[in-house]
Amino acid sequence: MTHPFFKPIGNHFDLHIIPVLIAFLYGGIRSGLAVSGFILAYVYIMNGPNFVWIVTLLALLIPFIVAFIALSNWKHLTPKVMFPTLLAFISALATFCITLLYRVGSFDTVDRTFLLYGILYCLVHLFTMWLITYLIARIRENITLRQEIQRSEKLNVLSELAASVAHEIRNPMTVARGFMQILSQSQVTEEKKHIYTAMVIEEIDRAQSIITDYLSFAKPEAEKLEPLNLSDLSYKLSNLILPYAAMRGVDVQIDMKSPLVIQANEEKIMQCLLNLSKNGIEAMTNGGALQIIGFKRGPHIILQIKDTGIGMTAEQINRLGTPFYSTKNKSTGLSMMVSYRIIRTLGGLIEVTSEPNQGTCFTISLPAV
Numbered sequence: 002m003t004h005p006f007f008k009p010i011g012n013h014f015d016l017h018i019i020p021v022l023i024a025f026l027y028g029g030i031r032s033g034l035a036v037s038g039f040i041l042a043y044v045y046i047m048n049g050p051n052f053v054w055i056v057t058l059l060a061l062l063i064p065f066i067v068a069f070i071a072l073s074n075w076k077h078l079t080p081k082v083m084f085p086t087l088l089a090f091i092s093a094l095a096t097f098c099i100t101l102l103y104r105v106g107s108f109d110t111v112d113r114t115f116l117l118y119g120i121l122y123c124l125v126h127l128f129t130m131w132l133i134t135y136l137i138a139r140i141r142e143n144i145t146l147r148q149e150i151q152r153s154e155k156l157n158v159l160s161e162l163a164a165s166v167a168h169e170i171r172n173p174m175t176v177a178r179g180f181m182q183i184l185s186q187s188q189v190t191e192e193k194k195h196i197y198t199a200m201v202i203e204e205i206d207r208a209q210s211i212i213t214d215y216l217s218f219a220k221p222e223a224e225k226l227e228p229l230n231l232s233d234l235s236y237k238l239s240n241l242i243l244p245y246a247a248m249r250g251v252d253v254q255i256d257m258k259s260p261l262v263i264q265a266n267e268e269k270i271m272q273c274l275l276n277l278s279k280n281g282i283e284a285m286t287n288g289g290a291l292q293i294i295g296f297k298r299g300p301h302i303i304l305q306i307k308d309t310g311i312g313m314t315a316e317q318i319n320r321l322g323t324p325f326y327s328t329k330n331k332s333t334g335l336s337m338m339v340s341y342r343i344i345r346t347l348g349g350l351i352e353v354t355s356e357p358n359q360g361t362c363f364t365i366s367l368p369a370v
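Position 367 (the sequence shown) corresponds to 368 in this note's numbering; numbering is contiguous.
Hints listed in this document are in silico derivations from the structure and should not be mistaken for laboratory results.
Some clues are possibly wrong.
Derived lysine-lysine pairs resembling DSBU-like cross-links, with alpha carbons at most 35 Å apart [stated by the list, open to error]:
#  : residue 1 : residue 2
1  : Lys-307   : Lys-225
2  : Lys-279   : Lys-258
3  : Lys-279   : Lys-193
4  : Lys-194   : Lys-225
5  : Lys-225   : Lys-258
6  : Lys-225   : Lys-297
7  : Lys-307   : Lys-279
8  : Lys-307   : Lys-237
9  : Lys-194   : Lys-279
10 : Lys-297   : Lys-307
Cβ pair distances, simulated, as ranges [what the hints assert, rightly or not]:
#  : residue 1 : residue 2 : range
11 : Glu-142   : Lys-225   : 36 to 44 Å
12 : Val-353   : Asn-230   : 19 to 27 Å
13 : Asn-230   : Lys-193   : 23 to 31 Å
14 : Ser-239   : Asp-206   : 18 to 26 Å
15 : Ala-35    : Arg-152   : 30 to 38 Å
Keep in mind the model is a prediction, meaning the values are calculated, not measured.
For each residue, glycine too, the CB sits at the ideal point set by N, CA and C.
Construct the entire structure; sequences and hints are all you get.
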């Protein structure tokens, strides 16, 4: 409005109606009236003589705009683009006609230049409004499509995950049921009863572990975040993994250089470290060494979990943390998914380096406090 592209005597040819239409069509009636009021105030202050023509034009256009908003279903791309474009063209044509009638009534000269700029004025409105509405419609459709794809992917993952979890839980339940049937027989010796009871408890614990991993994957948010010193957790971690490592002939070394303070939930971070440590121990079928190292590097806390196990190929590394993938035969891959999700929730990263038969190193980077 301050710099119109054509300024005949007493009138401005500019694009002031474009923001008014955009505000009405995409922001609603309140937004449209607010923008209209702002433009009217600006025109009145900057160009008083043009104020009457702007008021007249808006008074003619607003009923059509409101009717269009009320009747349009906005379901198809063509109406979304063509109707606003048509309104912009009509408004430009109305402005030009009002100006033309005013000049004729005032006995001003109507030359070819005036007519040429009037036609150009209408065409510029037509193209500008078409371009803006087309881009807005496309952006909205892309956002909607992206949301639908994400929703569909989530539903697919949940359905596959539910089927996988149901299958994995059914296995230990079937085994436990079989042992319970054997225990119900009177001829079972006391020694066998102790063995079968231990097996039943083991299978129930496995089912409980699967359910825990599933719940952690479904709701991975780290609640009650607080400053934690990982060095203080090393003793608790060693007490949890040393018995399991001893059963498999694995030597565990933990070296946490204090202080290693992060903002996290103790239960979640312990679950992550236990999952990765357990995977490392299970990768060493013939015994070996597991190292858990922690140190500070700049603004980050670095945790490294190294094993001397069977290692992984590049393809296996790339698939780590994805749904239902595991390098072990009897595993759902949930524990690794949970570990990756916990670290990402805390704003960290996991990097894996490994070679077949050379061991694996998980490097976790977390923001330091």
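Tested hints:
1. Of the supplied pair hints, the one linking Lys-307 and Lys-225 holds, its CA atoms being roughly 29 Å apart against a limit of 35 Å.
2. Between Lys-279 and Lys-258, the direct Cα distance comes to roughly 22 Å. Compliance with the 35 Å bound is thereby established for this hinted pair.
3. The suggested pairing of Lys-279 with Lys-193 holds, with an alpha-carbon distance near 30 Å, which does not exceed 35 Å.
4. Among the hinted pairs, Lys-194 with Lys-225 is inconsistent with the structure: their alpha-carbon atoms are about 44 Å apart, more than 35 Å.
5. In summary, the hint linking Lys-225 to Lys-258 is supported, as the alpha carbons are separated by about 25 Å, within the 35 Å threshold.
6. A C-alpha spacing of about 24 Å is found between Lys-225 and Lys-297, which places the hinted pair at or below 35 Å, so the restraint holds.
7. Proposed proximity of Lys-307 and Lys-279 is supported: the alpha carbons are some 11 Å apart, at most 35 Å.
8. Restraint check: the Cα-Cα separation between Lys-307 and Lys-237 comes to about 19 Å, which is no more than 35 Å; the hinted pair holds.
9. A hinted pair counts as satisfied when its Cα atoms are at most 35 Å apart, and Lys-194 with Lys-279 qualifies at roughly 29 Å.
10. The hinted pair formed by Lys-297 and Lys-307 meets the criterion: a straight-line CA distance of about 17 Å does not exceed 35 Å.
11. Between Glu-142 and Lys-225 the Cβ separation comes to about 41 Å, which falls inside the hinted range of 36 to 44 Å.
12. The given range of 19 to 27 Å is respected by Val-353 and Asn-230, whose C-beta atoms sit roughly 26 Å from each other.
13. Between Asn-230 and Lys-193 the CB atoms are about 48 Å apart, so this pair departs from the stated range of 23 to 31 Å.
14. Separation of Ser-239 from Asp-206 is about 21 Å and conforms to the stated range, judged on CB atoms against 18 to 26 Å.
15. The beta-carbon spacing between Ala-35 and Arg-152, approximately 34 Å, falls within the hinted interval of 30 to 38 Å.
Of the numbered hints stated above, those contradicted by the structure are hints 4, 13, listed in ascending order.
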